[in-house]
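**Q** Using the sequences plus the hints, can you model the full thing?
Here the protein sequences come in this chain order: L and Y.
Each number in the working numbering corresponds to the 1-based position in the first sequence with 51 added.
Each number in the working numbering corresponds to the 1-based position in the second sequence with 51 added.
Don't take every hint at face value.
Non-contacting residues of chain L with respect to chain Y, defined by C-beta distances greater than 12 Å in every case (computed) [what the hints assert, rightly or not]: (1) E54; (2) M74; (3) A111; (4) A124; (5) E146; (6) D186; (7) E228; (8) K246; (9) R252; (10) A330; (11) G336.
Here are the in silico distance ranges between beta carbons for each label pair [unchecked claim]: (12) Y:D235 / L:E54: 53 to 59 Å; (13) Y:E272 / L:I234: 16 to 22 Å; (14) L:E245 / Y:E272: 49 to 55 Å.
Listed below are the simulated BS3-like cross-link pairs for lysine-lysine, each with C-alpha atoms no more than 30 Å apart in a straight line [claimed, not checked]: (15) L:K202 / Y:K138; (16) L:K138 / Y:K202; (17) Y:K59 / Y:K145.
By construction, these hints were calculated from the structure, which means they are not laboratory data.
The beta-carbon is built from N, C-alpha and C at its ideal position, and this holds for glycine as well.
2 protein chains.
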Amino acid sequence: MIEKMIAKIKKTGAPIVVGLDPMLGYIPQNLLQKAFSEYGETLEGAAEAVWQFNKGIVDAVCDLVPAVKPQIAMYEQFGIPGLKAYKRTVDYCKEKDLVVIGDIKRGDIGSTSAAYAVGHLGRVQVGSQTFAPFDEDFATVNPYLGTDGVKPFIDVCKEHGKGLFILVKTSNPSSGEFQDRLIDGRPLYEWVGEKVDEWGREHMGKEYSYIGAVTGATYPEMGKTLRKLMPKTFFLVPGYGAQGAKGADLANFFNEDGLGAIVNSSRGIIAAYRQEAYAAFGEAGYAQASRKAVEDMAADIRQALQ
Amino acid sequence: MIEKMIAKIKKTGAPIVVGLDPMLGYIPQNLLQKAFSEYGETLEGAAEAVWQFNKGIVDAVCDLVPAVKPQIAMYEQFGIPGLKAYKRTVDYCKEKDLVVIGDIKRGDIGSTSAAYAVGHLGRVQVGSQTFAPFDEDFATVNPYLGTDGVKPFIDVCKEHGKGLFILVKTSNPSSGEFQDRLIDGRPLYEWVGEKVDEWGREHMGKEYSYIGAVTGATYPEMGKTLRKLMPKTFFLVPGYGAQGAKGADLANFFNEDGLGAIVNSSRGIIAAYRQEAYAAFGEAGYAQASRKAVEDMAADIRQALQ
Numbered sequence: 052m053i054e055k056m057i058a059k060i061k062k063t064g065a066p067i068v069v070g071l072d073p074m075l076g077y078i079p080q081n082l083l084q085k086a087f088s089e090y091g092e093t094l095e096g097a098a099e100a101v102w103q104f105n106k107g108i109v110d111a112v113c114d115l116v117p118a119v120k121p122q123i124a125m126y127e128q129f130g131i132p133g134l135k136a137y138k139r140t141v142d143y144c145k146e147k148d149l150v151v152i153g154d155i156k157r158g159d160i161g162s163t164s165a166a167y168a169v170g171h172l173g174r175v176q177v178g179s180q181t182f183a184p185f186d187e188d189f190a191t192v193n194p195y196l197g198t199d200g201v202k203p204f205i206d207v208c209k210e211h212g213k214g215l216f217i218l219v220k221t222s223n224p225s226s227g228e229f230q231d232r233l234i235d236g237r238p239l240y241e242w243v244g245e246k247v248d249e250w251g252r253e254h255m256g257k258e259y260s261y262i263g264a265v266t267g268a269t270y271p272e273m274g275k276t277l278r279k280l281m282p283k284t285f286f287l288v289p290g291y292g293a294q295g296a297k298g299a300d301l302a303n304f305f306n307e308d309g310l311g312a313i314v315n316s317s318r319g320i321i322a323a324y325r326q327e328a329y330a331a332f333g334e335a336g337y338a339q340a341s342r343k344a345v346e347d348m349a350a351d352i353r354q355a356l357q
Numbered sequence: 052m053i054e055k056m057i058a059k060i061k062k063t064g065a066p067i068v069v070g071l072d073p074m075l076g077y078i079p080q081n082l083l084q085k086a087f088s089e090y091g092e093t094l095e096g097a098a099e100a101v102w103q104f105n106k107g108i109v110d111a112v113c114d115l116v117p118a119v120k121p122q123i124a125m126y127e128q129f130g131i132p133g134l135k136a137y138k139r140t141v142d143y144c145k146e147k148d149l150v151v152i153g154d155i156k157r158g159d160i161g162s163t164s165a166a167y168a169v170g171h172l173g174r175v176q177v178g179s180q181t182f183a184p185f186d187e188d189f190a191t192v193n194p195y196l197g198t199d200g201v202k203p204f205i206d207v208c209k210e211h212g213k214g215l216f217i218l219v220k221t222s223n224p225s226s227g228e229f230q231d232r233l234i235d236g237r238p239l240y241e242w243v244g245e246k247v248d249e250w251g252r253e254h255m256g257k258e259y260s261y262i263g264a265v266t267g268a269t270y271p272e273m274g275k276t277l278r279k280l281m282p283k284t285f286f287l288v289p290g291y292g293a294q295g296a297k298g299a300d301l302a303n304f305f306n307e308d309g310l311g312a313i314v315n316s317s318r319g320i321i322a323a324y325r326q327e328a329y330a331a332f333g334e335a336g337y338a339q340a341s342r343k344a345v346e347d348m349a350a351d352i353r354q355a356l357q
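**A** In structure tokens, the structure reads:
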């Protein structure tokens, strides 16, 4: 999957992942009303609106970007119907040949991590049959529990050609509370980064590992250090756009080959029509506004990498 | 919810939570075959077997224990049908007046943590309606992302009288890789513990906070330190039984009032019939074997606390 992602980044010239994190507040009124008129103001209605909204965006941007990243929390909040919309979104994006990064931030120990891993990236055994319940291409994983928690995910990835992005330095303001604390003179996130690099050696692709890292665009100096520390690790970089990071902040996350990072934007793309710059598209043009926002973001990154 | 849990611990005399982490390998053949004959060897068949297995155990132990802890990974691995079985288990346990701790180990930032929180502990808004999609009483949360990641959960808990157990020192062998690293002379888990104590003050019950901590029974010395560091924090203590900790290890996790901790056992209870000590119950008596294992565990803890 890392090879597919790299190939698609080269083809599109856009190291961009579109974060499919639909909040109901982002969804144009006509889509919302249509879903509610069919299913009522119910969890099913919300899930239908989310799915229709996603479909519009995916159709509009699928030729421009290599990957999407549905944030499962935004679906899980609507219970079972929401999780069905998540699955439907994953399936549809794969049909469109997009690489799907399930932003699930799971992490547990032993057989429990293994259960998450088979459910999201592998196949689960039921009697003599096996099934791939969610079947994302990558998943995000939380490292707080150490190797026991991560290894079962890696084993499943190796078996099925899938990959991970492990949280190293997250983009949020309070990420430093624990991640920046110094251990033997170096911040925790560097120690986690080294471990990710070590884990990643177990599942290498040609140039990069299948085991990547999440490193927030909002901390470009830390990105620079991590980039040197883990040259074979692909970075998933959140925090661009709505969270405050700009194109110029991004260069640090890339290697000299112009690869090594894929930048996420969620709100900045999927709710672009609500920004002044794209307001002319209107609600009805929300998907085309997203397309324009992707084009602008791609240009911004190209400039930063020059 | 913390008050209800404490009241039920006093009433049952058993600070025990039964971990409902059903693997198909634990489920007696007749239950499995019945589910497969009805639904085939499918995700639906697996989910039905899991649900029937759980129901048997819950019926057998519900008068002996205050709480259950379904591990969502064990359901999520079977996709949507599995998550339906999770929800059905949560609902059934609540009907039986058990406190339900959703072992979901979620954790993200800002609006994403808020989405998990409303989905699991609160109510989600859909148009003019609200729904409680999963509606557990407590949830486990991962602290790696700091206050931004935890605060939205606490806000929802305050609004709905729910609680959390935040990972501090986990029970697994490699938990020390990051959690034990020294920061200014003290291990990371103590810093996390202090933060949990601080967060917990925002949502206090009468004697204990609604915001608890996960502290592994496999590290009793660390439990002792944490117990002193955070006297108002209730501990969810995994690692007893199958993971190796014994009754004698548990005393450190309790306060002098005999409260302050609830000990989890999963495999040791739900798959008790597979242990030599309970083999006489046979597969058909798996639920009664679980009941006996709970009684033995309660006696073991009582002795440790004397």
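**Q** Hint by hint, which ones does the structure fall short of?
**A** 2, 4, 6, 7, 8, 12 and 14
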